[in-house]
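Undergrad: The primary structure of each chain is shown beneath.
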Amino acid sequence: MVLELQKPRPIWQIMFSTHHTDVGLLYLITSLSFLFMGGALALAIRAELFFPGSQIIADSMTFNRIFTVHGTTLIFLFIIPFASAVGNYFVPIMVRYKDMAYPKLNAIAFWMIPPSGALIWLGFADFTWYATPPYSIISAPGPAADMWIFGLKILGVSSVLGAINFVVTILKCKHPDMSIGQVPLLAWSFLTSSLIIIVAIPTFAAALLMLLTDRLGVSGFFNPAMGGDPIAYAHLFWFTFHPEVYVLVIPAIGMMYEIIPRFSRKPIFSHSSGIFAFVLLSVVSFSSWAHHMYATGMSFTEKTVFMIGTLAAVPASAMHVFNFIATMWNGRIKFSTPMMWAVGGIALFFSAGAGGVVNAAMPLDFQTHDSYWVVGHFHLFVMGTIAFGSIGYLYYMFPYVTGRMYNENMGKVHFVMSFIGTVLVFFTQHVLGLYGMPRRVFDYPPIPEWITMNQIASVGAMIIGTSMVIFLINMIHSSAKGKLADTDDPFNLGGKYYYPFESKNPHHH
Amino acid sequence: MGHHSNWPEWVYVGVVIALMCWVGAEAWNAERLVEHVPADAEVIKVTGQQWFWTFEHEDGTKEIGELHVKVGKAYKFEIMSKDVNHSFNIHDYVVLMDAVPGRVNTVWFAPMEAGEHDIQCREYCGLIHYNMRGKLIIEDDSS
Chain A
22 MVLELQKPRP IWQIMFSTHH TDVGLLYLIT SLSFLFMGGA LALAIRAELF FPGSQIIADS
82 MTFNRIFTVH GTTLIFLFII PFASAVGNYF VPIMVRYKDM AYPKLNAIAF WMIPPSGALI
142 WLGFADFTWY ATPPYSIISA PGPAADMWIF GLKILGVSSV LGAINFVVTI LKCKHPDMSI
202 GQVPLLAWSF LTSSLIIIVA IPTFAAALLM LLTDRLGVSG FFNPAMGGDP IAYAHLFWFT
262 FHPEVYVLVI PAIGMMYEII PRFSRKPIFS HSSGIFAFVL LSVVSFSSWA HHMYATGMSF
322 TEKTVFMIGT LAAVPASAMH VFNFIATMWN GRIKFSTPMM WAVGGIALFF SAGAGGVVNA
382 AMPLDFQTHD SYWVVGHFHL FVMGTIAFGS IGYLYYMFPY VTGRMYNENM GKVHFVMSFI
442 GTVLVFFTQH VLGLYGMPRR VFDYPPIPEW ITMNQIASVG AMIIGTSMVI FLINMIHSSA
502 KGKLADTDDP FNLGGKYYYP FESKNPHHH
Chain B
7 MGHHSNWPEW VYVGVVIALM CWVGAEAWNA ERLVEHVPAD AEVIKVTGQQ WFWTFEHEDG
67 TKEIGELHVK VGKAYKFEIM SKDVNHSFNI HDYVVLMDAV PGRVNTVWFA PMEAGEHDIQ
127 CREYCGLIHY NMRGKLIIED DSS
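Residue numbers (the numbering used here), protein chains in the order written: chain A, 22 to 530; chain B, 7 to 149.
Any given hint might turn out to be false.
[To be verified] So the derived label-pair ranges between C-beta atoms look like this:
hint : chain 1 : residue 1 : chain 2 : residue 2 : range
1    : A       : THR487    : B       : GLU69     : 47 to 53 Å
2    : B       : GLU62     : A       : PRO469    : 33 to 39 Å
3    : B       : CYS27     : A       : TRP132    : 44 to 50 Å
Don't read these hints as lab results, they were simulated from the structure.
Beta carbons: idealized from backbone N, C-alpha and C, even for Gly.
Throw the hints in and build the complete structure from the sequences for me.
TA: As structure tokens, then:
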């Protein structure tokens, strides 16, 4: 397919290229760098919480900055750019076009990410990824807070530009012989998630500007001392960021839709129900934002409305799980590394969803709200589902990008350790939340159950950390020295089940 | 693609929808009961500020960091904040409500037996958020 890394080129040829696979490569390398940076911060957090009292982090301000940058980095600088990497590589190929619709816009969207990453990392703000006012207005120290706001502002523009590009590429540039219903599910996932971005992001862009002028003291939108209301920010923020959860998860599900049928050596059970579930998810993603705000003093009626909106997302998610299992049913499954990650991701997606139903049910939410339960819950999504799908897909696309095979045994060890670690950290955090431990705390009282569960979680995190080192070695070593891949069928699945992208696309070889 | 029967998926989706309706109905009913504040509940004004809790009883008594209540009585908390958002939480009694500056939020509870329970802040509020803790002391009058 592409094989950039096989023909040596000077680095600026890739950097100044607007070709979709070059931009995809830039997205890929950037996002993986931020994965390791954000992951290192996670290990620092878990090491600090191993015992009550201060361990490796001197003071709570440093700790608060670390978890803020950890979350911001992994959501905005790993998950989203990683999805863009995959979309850049595969969407034009799948819709049989030569490039993205607007190649220059594509490169511009990418080049907004490094400066915003620099703003976030050099500032190192402390007000959590949610930047909640009035804390973020009256209490959070500058210039870190302002740098974070500018960084997020640039990232928002980058997301919208990227989303417009995907929508136009898929709807307007697809091959005329291909109906919209025949577009592969991975491309459909980018279509629906891009539409969500276009609708959702402008709201947060406005909220960020208001936050900035509030910090400058020239307005008081969210500052009660000037007649504003912090709850207004919560609504604007979650109107963007609840749908954003689906922006993150939908491409990962799309990636699983590529992996599962290939390695089950069966066609997908129902292409049309996959499309239907994507469209449904993108619509209902807008009906549930205020379930993040049950405890802000909402009325019973408001809570009921948003509970119904939240529960409405469950059948659509469940349809994807059904589709995956029905595809694997009676298949000749080959558990290569990508398939292991995808199947593990589905299992954790199901667990995360089940926990989500508990959060959505109003009275139960008051047990779990702002506790470690919530931390465990959304990490099962972002790590267990989205990162698992993404990493699986990275192994899957590795031979196409590099022309070489990764080391299969190291890939499997990476999966097994990560899966065990993820279960240890995030299942334990659910229970820890039920025991009442609040999130975002630098220190905790020496309650025996809290100590034990924090230690289990920290051990799990170290297991994940170790597996990520194995992953890094595997990626670097195999891309230079791995054995040459048979790009017609690198996983030895038998050509019939393999999707020969290039043979169907006149622009690629 | 499309040539096989898809009825198992629709049966399954029907089951999931039925399950969600049941969860929603149970939650709606439970929350309705939980939110019904008894008429004789005594009001306690709770104020959060960086980084401690103050309490004011109906008779004007004020307490800082500690809250004394009596077994068998119902209490209604009126929760406010002086600076940034906090969240008033007595985990053992599932009391959880945000303290938002400019608003008064209410939540109620009725202690069942004497004892001590932790009060904590569950919404990030800055430097000492981790130690914005207090004690709930439930006293038994009859003994």
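Undergrad: Going back to the hint list, which numbers does this structure go against?
TA: none
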